Structure formats: C-alpha cells, structure tokens
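Engineer: What follows is the residue order along each chain.
Number of protein chains: 2
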Amino acid sequence: MKTEIIVIGDELLIGQVIDTNSKWMAAELNKQGWEVTRITTISDGAEDIKEAISSAFSRVDTILMTGGLGPTSDDVTKPVLCEYFGGRMIFDEMVYEQNLRYFAGRGLQMNQSTRRQAEVPDVCTVIPNPVGTAPIMWFEQEGKVLVAMPGVPHEMRVAMKGDVLERLRRHYGDNDAILHRTLMVFRNTESGLSERLTDFEAALPPFVKLAYLPIPGVVRLRLTARGNDEDLLQKTLDEMVEKLRTILGDDIFCDEDMTLAGALGKMLKNRGLSIATAESCTGGNIAHEITAISGSSAYFNGSVVAYSNEVKESLLGVPADVLAQHGAVSKEVVEAMATGVKQALNVDCAIATSGIAGPDGGTPEKPVGTVWMAVCCGGVVVSECGHFAGSRAYIIERATQRAIMMLIDMLCGRSGK
Amino acid sequence: MKTEIIVIGDELLIGQVIDTNSKWMAAELNKQGWEVTRITTISDGAEDIKEAISSAFSRVDTILMTGGLGPTSDDVTKPVLCEYFGGRMIFDEMVYEQNLRYFAGRGLQMNQSTRRQAEVPDVCTVIPNPVGTAPIMWFEQEGKVLVAMPGVPHEMRVAMKGDVLERLRRHYGDNDAILHRTLMVFRNTESGLSERLTDFEAALPPFVKLAYLPIPGVVRLRLTARGNDEDLLQKTLDEMVEKLRTILGDDIFCDEDMTLAGALGKMLKNRGLSIATAESCTGGNIAHEITAISGSSAYFNGSVVAYSNEVKESLLGVPADVLAQHGAVSKEVVEAMATGVKQALNVDCAIATSGIAGPDGGTPEKPVGTVWMAVCCGGVVVSECGHFAGSRAYIIERATQRAIMMLIDMLCGRSGK
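Protein sequences appear in the order of chains E and Z. Counting in our numbering, the first sequence runs without a single skipped number right up to 471 at its last residue. Counting in our numbering, the second sequence runs without a single skipped number right up to 471 at its last residue.
Nothing false has been slipped in among the hints.
Note: identical chains are not told apart, hence a pair may lie in one copy or across any two.
Straight-line C-alpha distance at most 25 angstroms; calculated SDA-like pairs for lysine to any residue: (1) K56 <-> G227; (2) K198 <-> H225; (3) K215 <-> A443; (4) K263 <-> G69; (5) K215 <-> V71; (6) K385 <-> G349; (7) K104 <-> D115.
Honestly, the hints are just simulated from the structure, not real lab data. The structure presented is a predicted model; accordingly, all values stated were derived computationally and were not measured.
Given these sequences and hints, build the entire structure.
Structural biologist: Structure follows, in structure tokens:
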C-alpha cells in the first residue's frame with residue numbers, strides 16, 4: 055500500500071518548530087510494509103490544503119494528515135475537509151461528552167472555542183481521541199481514504215497506534231500478520247556486511263525481507279516476515295536470527311532496535327552491573343542518553359559533569375599534577391576521570407570524556423573536535439582519542455555515541471564468548 | 055519572494071532519519087523576509103524528482119533542494135537535474151582539484167566513485183563546497199532558479215550562509231538591508247502581550263515588522279526592519295527596542311534569540327556568577343543544555359547527576375533522614391540538592407530537579423510527571439512542583455526548560471530593577 059503524508063502548519067514553513075510527526079509515521083508505516091511515497095508540508099491556508107489533497111489523491115489512495123485541528127480560527131483543516139468531501143458540520147455529542155470529561159479531569163473549564171472542538175463534518179467517521187480534544191477524522195470516498203489527526207505528537211501517536219493503523223489494515227483487507235526482528239551489528243560496514251550475508255539473503259524465504267538500517271558505527275539488520283500463519287512466521291524468524299548469529303557471532307551486540315544507550319542498559323541489566331559517567335566536553339549528554347531509557351535507575355547511579363579542573367580534582371580525584379602535566383584533554387586525565395567516578399559513585403563500570411567541542415578553545419596540537427574517551431569495567435580501562443569534525447552539537451553527539459559504543463565493545467569482549 | 059523546498063531521500067520516507075534541513079532553511083529564509091510556501095519530501099527516484107520540480111515551478115520561481123548528491127549509484131539528483139535542464143555532464147577540474155585537497159587534508163585516498171563527485175551538468179553554475187565533496191549547483195532558466203545542495207546538514211548550512219542566500223538576493227535584485235532584533239519575554243501569554251502592544255504595533259513605521267514567536271513559557275518578539283538606508287534601520291530598531299523596554303520592563307529577560315540556557319548563560323556571564331546543577335529525573339539534560347552553549351566553561355563548573363539516593367547523600371550531602379522522611383521527589387530533598395551542589399562545587403547559583411519521568415514509578419500521590427525543581431543563588435532558595443503530561447522524553451525536556459526558567463526568573467528579580 056502506498057500512502058502520502060500531508061503536514062499542515064504555518065509554524066513549520068517559517069522554521070519555528072521541527073516536524074517530528076512525519077518521521078515517526080513513516081517509520082511505523084514502513085514496519086507495516088507500507089510505503090510512504092511523499093511528505094508534503096503546507097500552510098494553514100484553505101486553498102493549499104485542498105490542492106495538496108487533490109494532488110496526493112492523483113498519485114495514491116491513502117492520505118495521512120496531521121495538524122490544523124486546534125480550536126483557534128487559524129486552524130481551518132476541519133471545515134476545509136468538510137467542504138472537500140461535500141459534507142456539513144454537525145455537533146457530535148459523543149466528542150463533546152468526552153471533551154467535558156477531559157477538561158474536568160484536568161480541573162479546567164471548557165470555553166466557547168474548546169466547545170467547538172466537538173463540531174465535525176457529517177461525512178467522516180469520528181475516531182475518539184483519548185489524550186486530547188481534537189477528534190480524529192476518517193474520510194472515505196470512492197475507495198480513497200484520508201485520515202486527519204492532531205499535530206500534537208503525543209496525540210497523533212496514540213491515534214495511530216490505537217486505532218488508525220488497525221482500521222487501515224482492515225480497510226485494505228490486509229489481514230497478514232507482520233513480525234519484525236532487529237539485530238544491531240557493529241565492527242562491520244554496510245557493504246562489508248552485505249557481502250558476508252550474500253548467501254543468507256539468497257536463501258531467505260520469499261515472505262521474509264531483510265533491511266539494512268545504518269547509523270554511525272552500527273548497522274541494524276531488520277528481518278520482516280509477513281503472512282497469514284503467525285506461528286510459521288515466528289518460527290522462521292527465530293531460525294533466521296539463529297542463522298545470523300552463526301554467521302555474525304559477537305558482532306551482534308543487541309537483539310532489538312534501540313538507541314546505543316538502550317543496548318548498553320540492557321547488557322548492564324542482564325549482567326547486574328551498575329554504571330556512572332564522568333563528563334567534561336559531553337557535558338552530561340551521556341548521562342542524558344542513559345537516563346532517557348525507562349528503568350535506567352536499575353543500573354545508573356549517577357554522573358559527575360566535571361567541566362572545571364577544580365571539579366575534576368575534588369569530586370573525581372584526578373591528581374592536580376596529572377592535570378598540570380598532560381592537560382585536561384589527555385589520555386591520562388580521561389582515564390583518571392573514569393576510574394575516579396567508578397570509585398566515587400561505587401559502580402562496576404564507567405564512561406569518561408574530555409575534549410574540545412569548539413568552536414573556540416582549539417590549539418594546533420589539540421584542534422577542535424579532539425575528544426579523549428575512556429571506559430572501564432572491573433579493573434580494565436580502555437581509552438581512545440576521537441577526532442570529530444562539525445558543529446559543537448555534532449561533536450558532542452558523536453563523542454557521546456562513540457563513548458557508549460566503547461563500553462558496549464568492552465562488555466562484548468568481556469563476555470568470554 | 056516565494057520559494058519551495060524539495061528534500062530528497064529514501065531514508066526520510068522510511069522514517070530512518072529526521073529532516074532537520076528544511077526547518078533550518080525555512081527559518082533562515084524567513085529572516086530574509088522570504089516565504090517558504092511548501093516543503094516536499096520525495097524519494098531518490100528520477101521520475102519523482104522531475105515531477106516535484108515541475109510541480110513546484112508551476113507555483114513558485116525558486117526551488118531550494120537538498121539531498122541525493124552522494125557518490126553512490128542511488129544518488130541520482132545530479133543526472134536528473136542535468137536532463138531536466140537539458141544539459142550534459144562534464145568533468146569540472148576545479149571541483150576535482152578542490153576534492154583532491156579535501157581528501158588529502160584528511161589523509162584519505164580518492165577512489166573512483168568519489169572522483170565522480172567532480173562531474174557536473176554543463177547548464178549550471180557550480181558553487182564550491184568548502185566542507186564537503188558534493189558541488190552545490192545553481193540552475194537558472196527562464197527567470198526560474200533551482201539550487202541543489204547536499205543533504206548533510208553542516209554542508210547545506212555552510213552553502214546557504216556562504217553563497218546561496220547572497221546569490222538569491224542579487225538574482226532577485228533584493229538590495230535591501232535586513233536587520234533583526236529579538237527580545238525574549240516571559241510572564242506574558244502571546245495574546246496578553248499582543249494586547250499590551252496594540253498601540254506600539256499601530257505606531258510601527260511601515261518598514262518595520264513585529265513577529266510573535268512563542269515557545270513554552272516564553273514569547274520571542276522579533277522586530278525586522280528592511281530598507282536601503284542601513285543607518286536609519288539601525289536607529290529605528292534601537293528606538294523600537296527602547297519603546298518595548300519601557301512598555302514591558304523586567305518581563306524582557308534577554309535581548310537576543312537564543313535557548314533558555316543561552317539566555318541564562320549570558321546573564322551569569324554578565325554578572326560574573328558561576329553555576330552547577332544537581333539532577334535526578336532530568337538526568338544531566340540541564341547540564342547538557344548549559345554546555346551546548348559555546349563559552350559556557352566561563353560560568354559552568356559542573357553537575358552531579360544523582361540518580362540513586364546513595365549519590366544524593368554522598369556527593370550532595372542530602373541528609374538520609376530527609377530522604378527517608380519525605381522521599382526523593384519532594385520539596386525538602388530538591389532544595390537540599392540545590393544547596394548541596396552549590397556548596398560541593400563551590401558556585402554562586404544552582405539548579406536541582408527530582409521527579410518521576412515515567413512511564414513507570416508513579417504513585418497516586420506522586421503520579422508520573424511530578425517534578426520538584428529548586429533554584430538557588432546566594433542565600434535564597436526557591437522551589438516549585440511541576441506536573442508535566444506526556445512521554446518520558448517530553449517530561450524531561452519540559453522540566454529542564456522550566457527549571458532553567460526558574461533561575462532566570464530569580465536572577466531577574468535579584469537584579470534590583
């Protein structure tokens with residue numbers, strides 16, 4: 055099935071907010087085996103909306119639309135859709151009742167403009183919105199479907215997962231089960247991996263597809279099986295995963311799709327290990343990545359962001375003479391930070407960074423982008439110096455991901471396989 | 055001037071990466087007084103690209119395009135543009151020389167596919183790319199302009215700032231100077247502010263525009279002056295800013311457009327104050343925001359991410375009985391964290407957080423989204439309890455921004471105006 059996404063909002067066209075909805079929707083649809091062929095971002099203008107719909111329907115049968123469903127007068131999506139599909143606006147008591155409860159639950163009063171949220175075109179099926187006041191609308195005409203959802207990311211996601219995807223599957227008679235398995239692989243380039251898997255790919259059953267999804271330093275291998283016999287799909291995927299394990303061995307470091315910090319967290323949890331970080335140039339970003347994972351308190355004790363040398367000495371116990379002799383951005387200091395935070399926070403493993411994120415502060419010997427990273431676990435300490443090119447934000451991000459990967463690498467080696 | 059943006063890349067249509075380019079470009083164009091009327095994301099397919107160009111040129115005279123300029127065979131933008139504009143591919147010695155230097159500077163060898171980066175259509179003006187190997191291409195036909203730029207964000211930004219915007223201005227005979235001034239305002243809603251500024255707006259000279267750009271808790275007021283007399287523009291903007299200062303007084307907390315952490319950093323720097331953070335549920339994100347600002351080492355000493363109670367006690371000196379009596383998510387603990395980190399890191403100001411980011415860990419008394427935040431400066435401590443609704447990432451982000459804003463608020467009060 056092919057679908058287009060239309061994103062509505064003046065705020066997107068002036069660059070005020072970033073559109074995260076279409077990426078998320080595209081990824082979800084892709085998992086279903088559906089194809090997003092175009093994403094169009096347009097203004098809140100009635101003519102633009104109508105033109106974009108006509109144009110998209112000339113190419114595909116399904117449109118998913120977000121935005122323009124707020125209660126204020128600049129949100130015109132609802133009346134425009136009503137006119138486009140030849141309906142008239144009616145007052146939906148069910149939506150009204152639900153919104154009354156929604157407001158009451160938050161101790162709020164409904165005013166005239168929020169009351170209008172219950173007005174809907176009579177030519178659509180209303181899908182209740184459990185986490186907001188804008189109704190989700192399903193339009194169907196001459197075999198074509200348009201689903202209008204709120205632009206608030208949380209509301210859109212709940213709608214998609216709750217009802218919209220399921221209705222789309224029913225509508226298109228798509229009764230296949232779809233199962234995914236993702237393996238995260240390191241120490242391989244995408245092209246190198248593809249060579250190693252030539253025979254594996256040639257022998258895949260026709261109902262299983264393999265996708266390569268690279269991120270820096272990692273290739274995610276996603277197996278997708280599709281068919282009406284769910285048990286068979288499950289069994290086949292299990293076999294394929296085993297085959298991949300045989301071929302790739304320890305290069306597989308995680309058996310589900312998650313962030314590097316998520317993969318690290320899973321390893322730590324499985325082995326009952328705890329962790330802390332000591333961060334200079336990454337400024338807390340590694341801790342932020344680790345704690346972005348729900349349940350991370352089971353293994354993450356904390357972090358010392360040691361931006362000043364004073365803090366490196368007082369909280370991490372980096373000797374003053376080591377700092378003076380080698381400078382803060384050095385193998386010696388970053389290793390002392392790693393072992394220092396491990397001891398201070400009484401944990402099993404630690405990650406440390408010290409570098410020059412720029413744009414100022416570089417020297418000929420240590421230019422901007424020079425980052426020393428160290429990891430330790432038990433009595434072993436490993437460090438390396440990275441040279442990252444780009445903006446300050448990019449250098450921080452790359453150093454963060456590389457440092458996490460270093461600990462994953464160490465833990466994989468330590469596993470004794 | 056109206057322009058459309060076309061973003062090319064299969065990876066965007068399967069939701070593998072997020073498009074940050076179009077937001078950035080739209081914001082830059084908006085600052086120039088130009089209007090982005092549509093953003094279209096399409097696949098790397100030749101037909102899609104040609105159709106999208108034709109369609110966009112039927113609506114506007116200018117297209118800015120990113121992506122599909124890599125050296126691999128799936129990047130077809132260059133030959134497609136060549137065909138569209140009726141040219142043939144030639145080998146550009148200047149691009150080749152530059153790419154040779156680019157590779158040499160990184161200690162890399164150029165291979166056959168990277169050598170092909172120097173092939174360009176003979177119907178475009180090549181704009182050198184100082185930070186990458188893909189040439190930027192300027193096509194001009196019958197008064198219409200298409201600029202093709204790499205999809206790598208850093209390369210695109212350098213191209214836009216370096217040459218593309220300037221050429222667009224020249225092409226459209228747009229010789230006006232454009233000056234901006236942004237004031238960041240808090241303690242006001244957008245509609246409340248708009249009422250307070252009714253007379254101010256009515257009295258604005260015709261060459262000055264005022265835009266309201268809200269983010270949670272803040273409205274950014276952007277004044278844009280446009281004309282050929284730069285001195286007059288400058289003088290008028292200075293006067294307008296003074297008028298706004300008279301009307302809004304202390305509600306203006308920053309006189310340039312930046313993140314909240316940037317505005318806080320500017321205040322701290324101006325007053326010679328230092329800062330540290332003590333973070334539980336925000337997990338290092340406040341430190342990350344502060345250190346995202348270049349030059350933050352001048353005022354940021356460091357941070358203790360105290361996820362476990364053990365760390366709250368050992369590094370921040372939160373008394374065990376206070377933790378036992380009130381629980382980690384409490385006014386008493388978060389205030390002790392703030393004063394504790396202020397003392398431990400020997401700074402003037404501190405921010406602390408302790409809350410439940412979810413999705414697990416909530417209780418009827420302290421549901422998910424409950425976050426205690428404290429700020430202190432000198433001997434004064436202020437705390438408040440936030441109730442944020444949404445995903446774990448959203449709760450962390452909102453608590454981060456609110457906590458930073460609390461310290462800004464305190465510093466504004468302390469300024470004695």
